[in-house]
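Protein chains in written order, with numbering that gives the first Met the number 0: chain P, 0 to 298; chain E, 0 to 341.
Hints listed in this document are in silico derivations from the structure and should not be mistaken for laboratory results.
Please note: incorrect hints may appear among the correct ones.
[Claimed, not checked] Not the full set, but computed from the structure, chain P residues with beta-carbon under 7 Å of chain E:
no. : residue
1   : E24
2   : A25
3   : I71
4   : M96
5   : N118
6   : R123
7   : E141
8   : A149
9   : Y172
10  : Q185
11  : R290
[Claimed, not checked] Not the full set, but computed from the structure, chain P residues with beta-carbon under 10 Å of chain E:
no. : residue
12  : T124
13  : H152
14  : G157
15  : M158
16  : A171
17  : S173
18  : K186
19  : E190
20  : P197
21  : S220
22  : R275
23  : M278
24  : E281
25  : G285
26  : F286
27  : G292
Every residue gets a Cβ at the ideal spot worked out from N, C-alpha and C, and that includes glycine.
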Amino acid sequence: MKLSLGPLLYYWPRERIYDFYRDVEAMPVDIVYLGETVCSRRHELRAADWMDVGARLAGAGKEVVLSSAALIESEADLKTLRRLVENGRFAVEANDMGAAHLLARCAPGVPFVAGATLNIFNSRTLAVVRRLGASRWVIPPEMSRDTLAAVQHEQPLGMQTEALGYGRLPLAYSARCFTARHFNLQKDTCEFRCIDFPDGLEVRTREGHDLLALNGIQTQSAKVYNLVLDLAAVRATGVDVVRISPQAAGTADVVALFQDVVNDLLAADVALQRMRTHMPGESCNGFWHGRAGIEQVGT
Amino acid sequence: MAHGLDVTDKILELVCPAGGLPSLKAAVDHGADCVYAGFKDETNARNFTGLNFDDASLREGIRYAHARRVKVLLALNTYPTSANWARWTRAVDRAADFGADAIILADAGLMEYAAAAHPRLRLHLSVQASATNYEAINFYHEHFGIQRAVLPRVLSLAQVESVVANTPVEIEAFGFGGLCVMVEGRCALSAYVTGDGPNCTGACSPGKAVRWEQTPHGMETRVNGVLVDRFAEAERSGYPTLCKGRYDVAGQTYYAIEEPASLNALELLPELVRIGIKAIKIEGRQRSPAYVAQVTKIWRQAIDSCLRDRDAFRVAPACMAELNKVSEGQTHTLGAYNRPWK
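With the rest of the complex left out, here is chain P (with noise of 0.2 Å):
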C-alpha cells in the first residue's frame, strides 16, 4: 500500500508553500499531488511555479500529479483546465468530469487519476471513466468500507484505488466564499484574507462544539478524518494508496507515523496518540464505517 500528498487545500504565503515542499521531497511519500484545487483568485504560486515544484519533486523520486479545481465555472477556468491537461509532462487528476472529459479528448493514452468530486459510487461509473483513461480513482469522502467492497468485487482492471487517509474532510462546495463572508467581503474583492487561516477558519455551534472550517468556497469538516486506526481493513478492502492531506503542523510526522504502521512497525493506536499534537481537531472515521462522518469508532 502506497501513500500519497494530497494537494495542499489551503491558501499558504509563497514561501511556505516552497518550504513545505522542500520538506516532502523527504517524506515518505510515493506520490505527491500539487496545484490550487479550491479557488481560481488564489495566485501565490502560479501554473508555472507549480511546475518546478513537481520538477523538484519527480528529481527527488515522487510520482507527481496536478490536480485539477473542483469547481469550474467560467471560460477563464476552463482555460486554465486546458493547460493544465495539455501539460505533456506529469499525469493530471480530474476533479471535474469537464477535466475528465478534456483530458480523453486532449490526452488520449495519457492515464489520469478520477478525483473525488467526480462521484463514483458504482462499477458502472468506474468502467466509464476506466474507458476514459483514468487509470486510479479516489473514493468520495463520504464512501464506506462496505460500499468500497461492493465496487472492487467488480472493478474494472487495471484500476488502482485511493483514499483518503488523514485530514479535514472536504464536504461541499460553494460559488461563494465564506471566508470573504466572514469580514464582510464580496468574493471579488477578498483581499485574499484565506491565507491568515493554514486550517481553514473554524466553525462552532452555539454550544462550543467544533462543526465546520471555513476554506474559502470549501467547507470542510473541523474534525480530522483519521483512518490509522483501520489501516489493515483498508488494505484488505483493495485500497491501493492511502492519502495524506496536508494540514498546517505536523504533515512530515503524520505521513512518517502512517508510513511505521503501514509497515507494521508501530502500533495504530501508538500512532493515532501521537498523531493528536498535530491535529487541528478530534479524529473521526465514521464514513468508512457507514456511519454519520463526524463519529469516531474505536480510540
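On the provided structure of chain P, position chain E as indicated by the hints.
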C-alpha cells in the same frame, strides 16, 4: 416506452415540482409545462417520509398530466452503489414503462444503462451531477446522449450565457425555491452530521434526525444532536439544514454560510429568455400543493407575459409579494445569478 409528446414545442418550459399526486395536479392545473417527480425511495434526492409516488399514483399522475398535454419527468438523481445498483435500474425501467417523458439522472453509470436499455427515453442531466461548465455537460451529451442539463445554482448570469452558447444541450435553470448554496452533488454536510445525505440516500437533513425543542434560551433546532439554530420569541424557526444555521466563527454568531432565503429569479426572466434558457425549474417537491399552485400560477403568467413582449416585461409588485410569502425566511435573493452575491 418514450411518450409521444413533442418535447421541443415551447420556447421556454415551466418545470414544476410534484411531491405527490395533489401537487402534480396543482402544477398541471395552474399552467406547468412539465412536472417532475420521484419514487418513494432513495432513488431521488427528495427522499422524505410522506412524499413521492408509488407505482399506482405515478401511473395516475402521468395519465392526468398527459391528458392535459403536460410532461412528466422522473428524477432518479441520486448515486447508486454497486451494492444497491438494481434498485436504480429497476426505477429506470419503471419510469420508461409508465411512459415518463424523460428521466433526470446524475450517475454516469446509470446513464449508460438507461441509454442502452431504453434508447428512446429522453435523458436529462440532474443538477446533482454538478455540471457547472459546458465541457462537463458535453461529456454527458457525447457519451450518453443527454438532451437537457439542469445547472447548479452557482453560476452568474454571464456564466450561464456562456454555457448555453457552447453546448447543443438544452439548459434548464432554477427560477424559484429553496436555495442550495453548495454545488449540488458536491455537498456531504448532511452525510457528515447524520449519515444520510442527498448523494446516496436522497435526503438532506432527514426528518428522523431533526429536533425542535423549546428551551429557556428559545426554540432550538438540532440535526442529529448538533445545535443548528436558536430562535428568539419573535423569530420564525425554519426547517434546520446545516448550511443555514447560526454558528460561532471567531467570536461572531451569524449565518456563517447562508441565510434562509429563497431564490427568486423572476425579474431575470427576459434575460433568461434572451440567452436561450430552455426551461425554468421551480424547486419544492417537499412543499404543499398550495405552494405549488401559487408559484406555478405566478410563473405561468410571468412567462406568458415575457414571451408576448420581452421588452415590456415588468414584475408586478403584487406577484413578488405573493412569492415572498411562500419563500423560506419570507425573503428572496437572486443568488449566484447576481455576481456580488458570490
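Do the hints match the structure? See the list:
no. : hint : result
1   : E24  : violated, 32 Å
2   : A25  : violated, 34 Å
3   : I71  : holds, 4 Å
4   : M96  : holds, 4 Å
5   : N118 : holds, 6 Å
6   : R123 : holds, 3 Å
7   : E141 : holds, 5 Å
8   : A149 : holds, 4 Å
9   : Y172 : holds, 5 Å
10  : Q185 : holds, 5 Å
11  : R290 : holds, 5 Å
12  : T124 : holds, 4 Å
13  : H152 : holds, 7 Å
14  : G157 : violated, 18 Å
15  : M158 : violated, 13 Å
16  : A171 : holds, 4 Å
17  : S173 : holds, 5 Å
18  : K186 : holds, 5 Å
19  : E190 : violated, 15 Å
20  : P197 : violated, 15 Å
21  : S220 : holds, 6 Å
22  : R275 : violated, 21 Å
23  : M278 : violated, 17 Å
24  : E281 : violated, 14 Å
25  : G285 : holds, 7 Å
26  : F286 : holds, 7 Å
27  : G292 : holds, 4 Å
Hints 1, 2, 14, 15, 19, 20, 22, 23, 24, counting from the list given before, are not met by this structure.
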